[in-house]
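In order, the protein sequences belong to chains A and B. In this text, residue positions in the first sequence follow numbering that gives the first Met the number 0: the first is 0, and each later residue adds one. In this text, residue positions in the second sequence follow numbering that gives the first Met the number 0: the first is 0, and each later residue adds one.
The hints are simulated quantities; they were obtained by calculation from the structure and are not laboratory data. No residue lacks a Cβ here, since even glycine has one placed at the ideal position from N, Cα and C.
Over the 12 Å line for every Cβ pair with chain B, so calculated as not near, a few chain A residues:
1. MET0
2. PRO6
3. PHE7
4. ILE9
5. LEU10
6. ALA13
7. ARG30
8. GLY31
9. PRO32
10. VAL35
Facing chain B, according to a computed beta carbon distance under 8 Å, are these residues of chain A, among others:
11. ALA22
12. LEU44
13. ALA62
14. ILE67
15. SER71
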Amino acid sequence: MSLTGTPFQILTIAAAILATVGAVLLWNRVRGPRVVRVLSRIGLLLSGYAVSAVAVLVSINIAYGGLIATWSDLSDNMSAHGVGQHGGRNFGHWRGMCGGKFPGTWGGGAPGGTGRPGGGRPAFGGGQPGSGQPGNHRPGNGGPAFSGHRPFACPSTSATPSASAGGTSSPSPHGTSSHGTPSPSSHG
Amino acid sequence: MSLVSMTFRDVTIALMVVIAVATLLLWNRIPGPRAVRIPVRVGFLILGEALATLALLVSLNISYGGLVVSWKDLIGAQSTKGAHLSGQVGQVTLHPVAVATTQRLSGHQRFTPAGYGGFIKTTLTGVKSGITSQVYVWLPSQYTKNPHQQFPVLELLHGVPDSPGAWMGPMNLAAHMKAAISSGTTNPAILVVPEVTPIANHTAPDDNEECSDIPGDAKLDTWLTQDVRQMVLDNFRAIDSAAGWGLMGYSTGGFCAAKLVLQHPDRYRAAVSISGYYTPESPSLTQDTALADENSPQWLITHRRTPAVSLLMTASAQDPIDPPSECQQMINAAKSAPLSRATEVQQFIAPYGGGHNQTAWEKMLPTTFAWLSDRLSAPVSQQSAQQGVRQ
Chain A
0 MSLTGTPFQI LTIAAAILAT VGAVLLWNRV RGPRVVRVLS RIGLLLSGYA
50 VSAVAVLVSI NIAYGGLIAT WSDLSDNMSA HGVGQHGGRN FGHWRGMCGG
100 KFPGTWGGGA PGGTGRPGGG RPAFGGGQPG SGQPGNHRPG NGGPAFSGHR
150 PFACPSTSAT PSASAGGTSS PSPHGTSSHG TPSPSSHG
Chain B
0 MSLVSMTFRD VTIALMVVIA VATLLLWNRI PGPRAVRIPV RVGFLILGEA
50 LATLALLVSL NISYGGLVVS WKDLIGAQST KGAHLSGQVG QVTLHPVAVA
100 TTQRLSGHQR FTPAGYGGFI KTTLTGVKSG ITSQVYVWLP SQYTKNPHQQ
150 FPVLELLHGV PDSPGAWMGP MNLAAHMKAA ISSGTTNPAI LVVPEVTPIA
200 NHTAPDDNEE CSDIPGDAKL DTWLTQDVRQ MVLDNFRAID SAAGWGLMGY
250 STGGFCAAKL VLQHPDRYRA AVSISGYYTP ESPSLTQDTA LADENSPQWL
300 ITHRRTPAVS LLMTASAQDP IDPPSECQQM INAAKSAPLS RATEVQQFIA
350 PYGGGHNQTA WEKMLPTTFA WLSDRLSAPV SQQSAQQGVR Q
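Using the sequences plus the hints, can you model the full thing?
Dropping the structure here:
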């Protein structure tokens, strides 16, 4: 059964519903001493949580066109750089650049609206192509346009990116280059 | 509260625990008739399941370095507003397209509908790489309307972990291409979406080939730039010369596009890297310094005489994984390296471009299609192609 196929998606959703209904039906039918009953109920509860989360993850994976496309990809991605390792050791290489802070330049007042109805649509949800008119950003034909370029800047830290360093050819001091330093990356 | 803050993650986990405990304690203490008690119990369960799922998604998002960085990002409100091109212009000229009589190598492939609007797919066994995997192709409507024309080709490279489906599904590649063609910003082009990680157990960020030929291992460069390319030439009316071929990729695919256009100017004229990076990251490459260097756009642009090809790097100011500074480093390197004067190296930084996700990258497509179209050959009639004259 394919990881990104409809049958598997339906199976996971059915399992989530079944786990929920099962918890309702079985809650007061578990037998044994109090400790066993409580543990059984915790088991019912947590298996429902787990199965539901799996159903959502599978659906998101499918909606995104198959981030993890096959079972083999799944085991490879889990074993090669398990999520725990990601969380514990590697945070994307911007961590070295911004001291662990996300560059939050999208603050409340940012004029981030697209101004293009139909353009702003979350990828997952699978609506029709949000291409109301995606074609009005034609760049100039190769002309240099340097005015007002704002290099990436870390929010409120002293770590200035090398944008102004005038042509550093060596690996940057911020850890974006990692020759000979095998480290799990978080690239998509 | 920020979507990627530890506080938000902890709040979702705490709420989940509270609901779980409440469910355990209150299950048999809910007052009212049975018709009320049952729905309340179901409500408790579903609320807990929703919170558990949310906590997991928030944790995953944070642990991957922030794929979706804000609520605006989540609802798809990224834009290219305020972004503009900058960089080094280079000496790229569009030479007349000389198309040799195509020599069929891989032969005819069988294509079947791919399940994504308009795309067809085939299973290709690469003659030179030996790799067998899927390749997806989309033909513009002009392809059938003008049966005597040869068309430019865009080869599209997905990220890692990911699959060709991302280009065709959530990023709506074909819909954007159609819109760009009909709005006149982009010449009709054939879209080719190959599998970038076709080798089993080499599909994770830290074990894939990053589109390179790894001695003693897989030949991903050969697969992408020779086998897939030749298959397209053998089966479609595609322009043979480099002037008709462009590369575009996101994230790891962006790294690949930047690298491959610098390595193979005889096959590709232009490339776009959407939120890519420019030094190899997979240990498959980095454990061998020489191999890593020869496959590093940053190293190549600094140390080698790079060809008269065009490279556009896009980035979003909010993307924590591949921030705009990586593009700037490439441009700085290009400007300071005398040997890379011929190469056009440009960046397009979106102040409100969103995080490291497909919805954000989709917003870049109109810009990148137009940019590529400006640098690649338009469709040529086969007659004039044989005379080596660009139409």
